[in-house]
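Based on these hints, arrange chain L on the given structure of chain C.
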Amino acid sequence: MSRRPYVRVVPRTTWFFRHPRYMRYMAREVTCIFIGIYSVMLLVGLVRLSQGSAQYEGFLAALRQPGSVLFHLLALAFSLYNTFTWFNVAPKALPVQVGDEHWPDSVVAGGHYVVWVGLSLFILFWAGVL
Amino acid sequence: MTDNRMAIRQVELEVLRYNPETDQEPKLQKFTVPCVNEWCVLDALNYLKDNLDPTLAYRWSCHMQVCGSCGMMINGEPKLACKAMLRDYSGVIRVEPLSHFPIERDLVAVADDFMAKLKRVKPYLIPGEKRTLADGEYKQTPAQLERYKKYAMCINCMLCYAACPEYGLTPKFIGPGAISLAHRYNQDSRDGGRDERQEEIATSEGVWECTFVGACSDVCPKHVDPASALQQVKVASTVDWYLEHFMSWVKK
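Residue numbers (this note's numbering), protein chains in the order written: chain C, 2 to 131; chain L, 17 to 268.
In isolation and in its complexed conformation, chain C is listed as follows:
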C-alpha cells in the first residue's frame, strides 16, 4: 500500500486563537506598537521644540487633549506589560553560570528590574522631576 498522509493546514490569520499561550504571545508582540507610536510622538515633540517656543507650546497643548491623555495611559499600561513579559523571559537568552551552578532565573530577571528602576530614577532626577 502506498502512503497517503493527511496534512492539516494551520489557518494563517487566526492561528493564535487556538491556545491562550498564543494569545499571550500576540499580546506581548502587539503592545510594542504603542511604544513605537509613543516614540514617534517624542520625535515630533523634538522637531516642534527646534521650531521655536510657540510651536512647542502648541505641541504641549495638543498633549493635554483628553484623547492624548487616554492614549498615554494606554501606552503606559501596554509598555509596562511589554517590559514585564520581556524581562521575565530574559533569563532564557542570558543565563549566567558561575562555577558549577546557573544563577536562578529570578536573579537574572531581578537584575533587569533593578537596572530599570535605577535608570528611571536617574533620568527623573536628572530631568528635575525628583
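Everything hinted at is true.
A few chain C residues that face chain L, going by a derived Cβ cut-off under 10 Å, partial list only:
#1 S3
#2 Y7
#3 V8
#4 R9
#5 V11
#6 R13
#7 R25
#8 Y26
#9 V90
#10 K93
#11 G100
To be clear, the hints were calculated from the coordinates, so they are not data collected in a lab. Nothing here was measured: the structure is a model prediction, and the numbers come from that model. Just so it is clear, CB atoms sit at the ideal spot from N, CA and C, and this is done for glycine as well.
Coordinates of chain L only, in the frame set by chain C:
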C-alpha cells in the same frame, strides 16, 4: 481500606481516526473505556485497542517517559500519553495526533521531516581534539557539564514542534528540538563542530525563524527548555556577526 486509586471509572475518549486506504479526511470517534483511576491516557488507549477496536494505530514503547514515542494532542495540548494521568482529566478526553505533522494513520504522525532536520544539525560529538585510545578519555568538569546538561535530556518526542506555531506556519523551520540538540553539542567542551552546525542553524530557516513564543519550553516533558537554547544561539550568532564585520582581528 477504601482505595480510590484502584477505582474503575468510565472514561469517554474522542479519538481522531484516519485510515489512508478508505478515508478522505480524519474524523473523531467516541469510545467509552473502563479505566482504573490511576491509569494514564496510554493505558486507556491500550485497553481500547486490546478490547474494543484492534484497528486503532498509535505509537508507544516504554510507558515511562523515556522513549518519546507516545506524543499526541490531549485536549489540544501536546503531551506524552504515558505522562497524561486520567485523574487530571474530567469529562470527554480528546486525543489527536501531534499538531503540525501530517497524519500517517489514526494517532500516528509522520516524523520524516523531523528526522531529516535532526540529521542536518549533526547532533553528535565532533571531537575538537583528536585523541587516540592511548591518550585516554575526554575529560570534563562538572561546570563544563552544567553548560549543556539540560539540553542533553531531549528524547526527540516532537511535542515542541506540535506546540510551535512558527513550525506550523513555516514547515521549513528547523524547529526547537533539533536546534536545541545542536546547541547541546555546541556547548560541549569536547566538541569542535560548531562551525558546521552554524551553517544549518544560524540561518533564516534556523533560529531566525523563531519569534520566541516560548510554547516549546511550556510543553517539553523533560524540561529541556528549547526556547532558551534558541535564544542563546541567536545571541551567539549575533556576536559572531559583529566580530566578523567590525572586529575581525579578534579571534573567536
